Each structure stands twice: as C-alpha cells, then as structure tokens.
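2 protein chains.
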Amino acid sequence: MTYEGEYLYDPRLLNNLDWDSVRGWLNPHITCTEPGESWLLVRPLQLSDYSKGFLEILTQLTAVGNVSYADFERQYRNMHKSGGYYVTVIEDTRTNTIIGAASLISEFKFIHGCGLRARLEDVVVNNTYRGKQLGKLIVVTVTLLARRLGCYKMTLDCKDHLIPFYKAIGYKLEPGNANSMTIRFDETPKIATPS
Amino acid sequence: MTYEGEYLYDPRLLNNLDWDSVRGWLNPHITCTEPGESWLLVRPLQLSDYSKGFLEILTQLTAVGNVSYADFERQYRNMHKSGGYYVTVIEDTRTNTIIGAASLISEFKFIHGCGLRARLEDVVVNNTYRGKQLGKLIVVTVTLLARRLGCYKMTLDCKDHLIPFYKAIGYKLEPGNANSMTIRFDETPKIATPS
Numbered sequence: 001m002t003y004e005g006e007y008l009y010d011p012r013l014l015n016n017l018d019w020d021s022v023r024g025w026l027n028p029h030i031t032c033t034e035p036g037e038s039w040l041l042v043r044p045l046q047l048s049d050y051s052k053g054f055l056e057i058l059t060q061l062t063a064v065g066n067v068s069y070a071d072f073e074r075q076y077r078n079m080h081k082s083g084g085y086y087v088t089v090i091e092d093t094r095t096n097t098i099i100g101a102a103s104l105i106s107e108f109k110f111i112h113g114c115g116l117r118a119r120l121e122d123v124v125v126n127n128t129y130r131g132k133q134l135g136k137l138i139v140v141t142v143t144l145l146a147r148r149l150g151c152y153k154m155t156l157d158c159k160d161h162l163i164p165f166y167k168a169i170g171y172k173l174e175p176g177n178a179n180s181m182t183i184r185f186d187e188t189p190k191i192a193t194p195s
Numbered sequence: 001m002t003y004e005g006e007y008l009y010d011p012r013l014l015n016n017l018d019w020d021s022v023r024g025w026l027n028p029h030i031t032c033t034e035p036g037e038s039w040l041l042v043r044p045l046q047l048s049d050y051s052k053g054f055l056e057i058l059t060q061l062t063a064v065g066n067v068s069y070a071d072f073e074r075q076y077r078n079m080h081k082s083g084g085y086y087v088t089v090i091e092d093t094r095t096n097t098i099i100g101a102a103s104l105i106s107e108f109k110f111i112h113g114c115g116l117r118a119r120l121e122d123v124v125v126n127n128t129y130r131g132k133q134l135g136k137l138i139v140v141t142v143t144l145l146a147r148r149l150g151c152y153k154m155t156l157d158c159k160d161h162l163i164p165f166y167k168a169i170g171y172k173l174e175p176g177n178a179n180s181m182t183i184r185f186d187e188t189p190k191i192a193t194p195s
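Quick note, the sequences are listed as chains E and P, same order. In case it helps, the numbering used here puts the first sequence at residues 1 to 195. In case it helps, the numbering used here puts the second sequence at residues 1 to 195.
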C-alpha cells in the first residue's frame, strides 16, 4: 500500500511515537493512537478533508478567505511535492468532521551539521470539544513526530495568553532569545497609479 | 540559460526589486545590484560556496559541526528539490570569500487564501566589514524578495539586542503576539540502554 494520494504524509509515522517520554503531560494519559474516545481519529490531512470542515476550523485562527476545492488541492499537492509538511488533523468519525489540526513543518539547515529544524503552525481545536485535552494531544503528537524525524529543535510563535499552555508541554521562552518579529506585506498601503 | 546547477534559485529574482519602497532605510542608498562597492556581489548560494567560506561564516551564528562537501551538496540539493529556499550571500570578489548571508524560506499555507508566508533565517555578516550596511542590505534584499514572491508576511526570531536593528527596517513586535517558544530535542538526556 502506498500512502501517496491517500494522505499528505505516511500515516505510519504516527505509530509508536515515544509517548512514554511525555508521561504526565496528558492526564489521563492519551496518545494519538489511543485518543480517549473510540470516535476520535488522529491522522495526516487528506484531500477529502476539504469537505469535512478542515478550512472552516482554520477560520477560528485567522482569515482563510474563499478557497475553492481546486485551490485546496493545488496547495495540498504543492506541500506533498515539496515535502516537510506534516499537517495533522483530529476527526470526529461519528460526524466525519475535522475538529482539530496542527502542522509540523520541517526545514533543511546547513547549521547543526546540516540538521533539520521543526516549526509548529496553525494549531486549532474546536471549542465544543473542550475538556478532552485535544489541544495538548495534537500538539504533543506533532512534537513527538518532529523528534522522530530527527529535528534538533521545534519552535512556535504564539500569543501571550497561550504561553502557559505551551510551557506545560515542554516549550520554553529562552531568556534573551524569545522574540518573534513580523513585517506584513498585505498591509502595505497600495498607492494607485494615475492613469 | 538555466540557473539550475548554477545557483540555488534563479538569480534574476534579485533584479529590479522594489528598492524605492525602502528609501531611507539604507543611508547612503545601496541595493543588492548596486551594493556600494564594485567588489561586492549579492547573489543566490552556489555549490562552490563550500570552498568560499560559507560554512565558516555560519559558525559566527551557532554550531555548524563537521560538514563534508558531500553533506553540503546533499543538503543544497534537498533545498533545491523542495523549493522555497532562498539562501542569499554576499561575496567579496577580490578574495572570493563569502562575507554575509541570509535565508528567506517560504511556506505554503491554507490560511490567507492558500497564501505564502516567509521566514528570515540565519542572518550573518563578517564583522570586519562593519560600516558598509551589509547586514541591512542582505536582510532588506530577502525581505523585498519575499514581497516579490507574493508572501503576505515575513517573520523572524531574534535575540533582544537585535530588536532595534530589525525595527529600523520595518519589522515589528506585534503587541501580545511576539513570542517565540522553543523545545530542544538535542538537549534531551539520552539514557543508555543496558546491553
């Protein structure tokens, strides 16, 4: 069986992650293969998630805009071809709905012995599933995946109110080195050219 | 002419960037094609930069380790194949030495209308060339390149003492949303398995 065309990345990468190393972070202890409810499924993104509410859940994070199926498929294939995109979702299989997502993006480096660095991006969980630790579950899943891939570190940008959440699962604000700065091009005022 | 095999990315992308939009950031006004000295050359990374001191200059940033030419070439080709890696260097053509570098890495997103996001990574300039604005020059070059590529934003992680430098060229600490958190896997104590 090949996973290509079925999943954005090989779903077997989610088997046998080192959940013992994070014992205590989730209470009760759940994992991506034993997520606490029989109707919860943690897996790589699929093309069919377009119609399962994947983009709708991302709107809880930021603007998504009008994305047609063709747009979605093109970007999915861009990610698949490029490699290094581990977009991971939680599905409620009772309703075939995506209720959570997080992305691990890996980056080739020359530093650290031509190492691999990881980033955590676009974490979101449907609010109506609160109390099931699904936010922690999806973030720890992709964090353990990054370690399995051999990344030397994983970083994330976050808002002030989310710092305690990430601290509880091992992320740190490194003293003197915890700043994320941004330049936005879409906010650049466009000056109309006189015709 | 094809750039493949010659450069990590198409060097023509550095022509005609919108330097007018950043007038005042560099004083005197220099650009990547008019860098102020006839012996300065701003261009994409090449494989031959292995023997021009590219890795040596990165050691001013962080640990690089022992990287053979084969390691370097493998990672260069990984980046070229993946796409989205715009590693840019400044060469002193009098000595055929790399004296500065900065990387733009682009990332496919589903948010922002299946947009493209940019990151600034691994910025370094040889200290002995101080006073020539080469730090600003290389960072503004890849920032303008990100805008040309259609990215909606560019971000960077930086140490406290570098905040004023980046503020002077348009980067901001967004209120309530300027935190970079890190988990390091290479610091995880390795427990020897009894044999």
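FYI, nobody ran anything at the bench for these hints, they're computed from the structure. Quick caveat, the model's predicted, so the values are computed rather than measured. Keep in mind that the hints are not guaranteed to be accurate.
All copies of an identical chain are treated as equivalent in the list; a pair is satisfied when it fits inside any one copy or across any two copies.
[Unchecked claim] Here are the simulated DSS-like cross-link-like pairs (lysine-lysine), alpha carbons at most 30 Å apart as the crow flies:
id	residue 1	residue 2
1	Lys81	Lys132
2	Lys136	Lys159
3	Lys81	Lys167
4	Lys153	Lys172
5	Lys172	Lys132
6	Lys167	Lys132
Status of the hints after comparison with the structure:
Neither within a single protomer nor between protomers do Lys81 and Lys132 lie at most 30 Å apart by alpha-carbon distance, with minima of 34 Å and 40 Å respectively. Proximity of Lys136 to Lys159 under the C-alpha cut-off of 30 Å is found in both arrangements, the shortest distances being 16 Å within a copy and 28 Å between copies. Taking the shortest alpha-carbon separations for Lys81 and Lys167, neither the intra-copy value of 34 Å nor the inter-copy value of 36 Å comes in at or below 30 Å. Within a single copy, Lys153 and Lys172 get their C-alpha atoms as close as 11 Å, and across copies as close as 24 Å, so both meet the 30 Å cut-off.
In this homomeric assembly, Lys172 and Lys132 come within 30 Å of each other (Cα to Cα) only inside a single copy, at 24 Å, whereas the closest approach across copies is 36 Å. Taking identical chains as interchangeable, the C-alpha atoms of Lys167 and Lys132 lie at most 30 Å apart only when both belong to the same chain, with a minimum of 19 Å there against 41 Å between chains.
Violation of the numbered hints given earlier is confined to hints 1 and 3; the remaining hints are satisfied by the structure.
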